[in-house]
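For the sequence shown, counting from 1, position 23 maps to 23 in this note's numbering; every step adds exactly one.
Calculated directly from the structure, the hints in this document are not laboratory data.
Owing to the predicted nature of the structure, the values given are computational and were not obtained by experimental measurement.
Incorrect hints may appear among the rest.
As the list claims (entries may be wrong) - Quick list of the computed label-pair ranges, beta carbon to beta carbon:
#1 A43 <-> R67: 31 to 37 angstroms
#2 E9 <-> A43: 33 to 39 angstroms
#3 R61 <-> R28: 16 to 22 angstroms
#4 G62 <-> R39: 23 to 29 angstroms
#5 G40 <-> R12: 28 to 34 angstroms
#6 D44 <-> S6: 31 to 37 angstroms
#7 E17 <-> R41: 19 to 25 angstroms
#8 A43 <-> A15: 30 to 36 angstroms
#9 R28 <-> K63: 17 to 23 angstroms
#10 L57 <-> S6: 18 to 24 angstroms
Cβ coordinates follow ideal geometry from the N, Cα and C atoms, glycine included.
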Amino acid sequence: MSGTRSDGELLRRIAAERDRRAFEELYRRYAPWLAARLRGRCADPATVDDVVQETFLAVWRGKAVYREDGDVAGWLW
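Make a model of the complete structure from these sequences and hints.
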């Protein structure tokens, strides 16, 4: 079995089990990409950091629910 879990599996584990390792893996995959996209639209690094943090807090707290319809990157964006 591969050690790489799908994005959907990570999100399911975060939602169902509050799996911290799954959350950390998802964060490592997408936080740099999200920050780069945001920097293209916002010149304030502190605002970019805040938005990335708030996005992932919403995922962790279950306020943002991925319905497995489409790409995770697009859903985060």
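Do the hints match the structure? See the list:
{"no.": "1", "hint": "A43 <-> R67: 31 to 37 angstroms", "result": "holds (33 angstroms)"}
{"no.": "2", "hint": "E9 <-> A43: 33 to 39 angstroms", "result": "holds (36 angstroms)"}
{"no.": "3", "hint": "R61 <-> R28: 16 to 22 angstroms", "result": "holds (19 angstroms)"}
{"no.": "4", "hint": "G62 <-> R39: 23 to 29 angstroms", "result": "holds (28 angstroms)"}
{"no.": "5", "hint": "G40 <-> R12: 28 to 34 angstroms", "result": "holds (30 angstroms)"}
{"no.": "6", "hint": "D44 <-> S6: 31 to 37 angstroms", "result": "holds (34 angstroms)"}
{"no.": "7", "hint": "E17 <-> R41: 19 to 25 angstroms", "result": "violated (34 angstroms)"}
{"no.": "8", "hint": "A43 <-> A15: 30 to 36 angstroms", "result": "holds (34 angstroms)"}
{"no.": "9", "hint": "R28 <-> K63: 17 to 23 angstroms", "result": "holds (21 angstroms)"}
{"no.": "10", "hint": "L57 <-> S6: 18 to 24 angstroms", "result": "holds (22 angstroms)"}
The structure fails hint 7 only (numbered hints given earlier).
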